[in-house]
Amino acid sequence: MMGFIWFWLVAVMIVGYVVLDGFDLGVGVLHLFLVRTEDDRRTTLASIGPVWDGNEVWLLAGGGTLYFAFPLLYASAFSGFYLPLMIVLWLLILRGISLELRNHIDVGVWRALLDGVFGLASGLLAIFFGAALANVLRGVPLQADGYFFLPLWTNWQPGQHPGILDWYTVIGGVVALVALTLHGALWLTVKTSGDLEARARRLVKPLCLQLVALTVISLGATIHVRPESLDNYFNYPFTFVVPVGVVASLAGIWFFNRAHKPLRAFLSSCLFLFFMLAGACWGLYPTLLPATSGAANDITLARAISGPHTLAVGLVWWAFGMTLAVGYAVFVYSRFKGKVDLAAANH
Amino acid sequence: MTAELIHRLHFAFTITFHYLFPQLTMGLAVLIVVLKSVALKTGDEKWDRAARFWGKIFGINFVFGVVTGIPMEFEFGTNWARFSRLSGGVIGQPLAMEGVFSFFLESAFLGLFLYGEKRISKLMHWFSAFMVFVGSWISGFFIIVTDAWMQHPVAYTRLPNGGFEVVSFWQLLLNPWALLQYAHNMMGAVVTGSFVMAAVGAFYLLEGRREEYARIFLKVGVIAGLVSSILIIFPTGDLAGKYVAHNQPAAIAAMEGLFHSEAGAGMVLMGQPNEETGQIDNPIVVNDLLSFLIYGTTKAEVVGLDQIPHDQWPTALPLLFYAYHIMAGLGTWFVLLMLVSAFLLWRDRLTHARWLLWALLLSFPLPYIANTAGWMTAELGRQPWLIYGLMRTSEGFSSTVSASNGLFTLLGFMGLYALLGLLFTVLMYREISHGPEPTKEFARSKEVAA
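Taken in order, these protein sequences are the chains called V and Y. Those letters in the first sequence? Residues 1 to 347, by our numbering. Those letters in the second sequence? Residues 1 to 450, by our numbering.
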């Protein structure tokens, strides 16, 4: 029971991270293409300025939660995905610093460089996160002692000895890139006005179509790579509500955007990310990290879970702390709600 | 180079660089609350502008702290997997709590403090500064709890699979080691914050500009600097030192360079420990002082390294000795400097004492060195243990990550952090040379004078 609860609590943290940091990653990618004037650019960045570091906290809090609830998984996955995680760290650093520097340095050449770094790092992060999820779904060559080490690539095939990157995980990366770019575009339709908003809205349509195609492809690919992903669904048919949710939220993005209801379109995109991730988690449960070397080496809930007292105590403070955290988030977002007003965004 | 050494260097390098930023933000957070409180009480706009200026400095440091802090949480898993696997149930807890209780709070209110001043009331703006302070100090607490458990493991039991399990949540959080170390460490942060503030004040006065702010910065910096410099030695440093002496005799013996057990042990003020001959070269010693400091009597026997099995000696003995002595020496300098500065401040002569302003300006890097040396003392003193007495450092690093892969990413971090350091310096230079906005009256009086 504790295992079930903590599995989903960690999943909630991951969903929270992707939904929140997702839109500012998307905005990071988009600001390279979408903005025409310096004011556009400032508006775009001001739309994420007060919230991006709070969004990133979800990654830290999620990582910490994973660490104490499933120490074996944390130890195994973090050391096994050593190289890509280090690259993710470097990208997070470059991205945060370039955004911050941009607020302080007003020399043209510098700004162009920082904009480029910020956009590129945002896009690569989206790709890496998608590929990371795909790596977990595909499985890794776990040894009997629970450890593994993945090279960045081998023969680009998901098999017994895959690399971080193969054709399947690359698809995962592209899905994430498109989904988060769309997510960011919808955020901009909520937060900006005038010409910028119109341009963001026009982008939604092609991105949405690409995402539909990619969702179908990634779903097929996942079933091909790991057919067991469907077992939970067939055992509990009511859970087919998750793929239905995926379709419905995609439709929501499309129609609300056409009807000029930006907030609803953005919320549909949040739901889309939620259903995609929840669907992936449900496909894995109760495995946490499948082994390509045979199911005996799988890291399962039962194998990875912390001691009972740790988890019971954790539940108390986690519930208390996350209630507070959601409270702060609601408060901050409500303070900065509505369209970005450059005059008020002093910095 | 062995994998163990690479993984140790990896963590040591990234944590040392990281902690340059939080020590300033945790210290400044207190001082910003002071500035905002005066502003709120007197309604004097000058103090608000002063707070806004330090808010910008804080914001830059906060971002550098955040981006260099994320790797720290990852490295427990990436570089220290075997340690994390067994200890996650215990120390994963405070680490997760830091994110849940501190970072959410801190980032939310910092966003409000930096970007929202025009959207919220004055009282609310004061409150957001206060919450940033609370958040940053909670964050420090959970990190100290994590470290304290590695220094002095309490409230645990072993599970059948070898993992550690918490038996008492409150005992874990209220580990005596953690409370002492926290008090000592936070005073260290306030020392850094106040020295930086005083140095910026001194800089403006020496430059002959922004004088109306320079006086504020000097006043707040020197008063906070004096209080924290004293508190860091007594009682916090004194108590923390005694606790180390009673619980980690090998660490204290190595810190003090005490190779032989002695009744009435002296304190070495300076010298070079010679591991081969087992003595201090070129020593300057105060007789009996060490016995007195630890046990309150000059005759007490202090355990030397000769009573400790060689495989339990701290592995980097000379470095530990120097780190400790640098910390203690600088701590003494801080008290002297701030005593003189506070005296002249009280007599209203500080702003004219240019020699002292120079000393304050040039002393700003020293708290950074002292804080770093203090942490090196704590962590090198813990060696060769990763969890004191329970798990050796050699048993904790990720066995699947080779020395070569570790070196690859260590070099990557070194390059990236060199760039970050450069950018940070440029940013600080810009903000400080730009300074707080001049007040209206001040700008007018300058105009009249011209």
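Calculated from the structure, these hints are not laboratory results. Just so it is clear, the structure is predicted and the values come from calculations on it, not from any experiment. Any given hint could turn out to be false.
[Unchecked claim] Heads up, simulated DSS-like pairs for lysine-lysine below, C-alpha to C-alpha not over 27 Å straight-line: (1) V/K205 - V/K261; (2) V/K261 - V/K339; (3) Y/K299 - Y/K242; (4) Y/K219 - V/K339; (5) Y/K122 - V/K337; (6) Y/K242 - Y/K41; (7) V/K339 - Y/K122; (8) V/K205 - V/K337; (9) Y/K299 - Y/K56; (10) V/K339 - Y/K242; (11) Y/K242 - Y/K118; (12) V/K205 - V/K339; (13) V/K337 - V/K261; (14) Y/K118 - Y/K56; (15) Y/K56 - V/K337; (16) V/K337 - Y/K118; (17) Y/K118 - Y/K41; (18) Y/K219 - Y/K122.
[Unchecked claim] Pairwise CB distance ranges (calculated): (19) V/L209 - Y/G415: 38 to 48 Å; (20) V/Y333 - Y/T16: 27 to 37 Å; (21) V/F331 - Y/G208: 50 to 60 Å; (22) Y/A418 - V/V107: 14 to 24 Å; (23) Y/K118 - V/L152: 20 to 30 Å; (24) Y/T16 - V/H309: 15 to 25 Å; (25) Y/R119 - V/E38: 42 to 52 Å; (26) V/K339 - Y/Q171: 27 to 37 Å; (27) Y/R119 - V/P227: 24 to 34 Å; (28) V/L315 - Y/F13: 28 to 38 Å; (29) Y/T16 - V/W167: 51 to 61 Å.
[As the list claims (entries may be wrong)] Just some of the chain V residues that point at chain Y, by a computed CB distance under 8 Å: (30) P286; (31) L315; (32) W318; (33) G338.
Each residue gets a CB set at the ideal place from its N, CA and C atoms; glycine is no exception.
Violations among the numbered hints:
4, 6, 9, 10, 11, 21, 23, 24, 25, 26, 27, 29, 30, 31, 33
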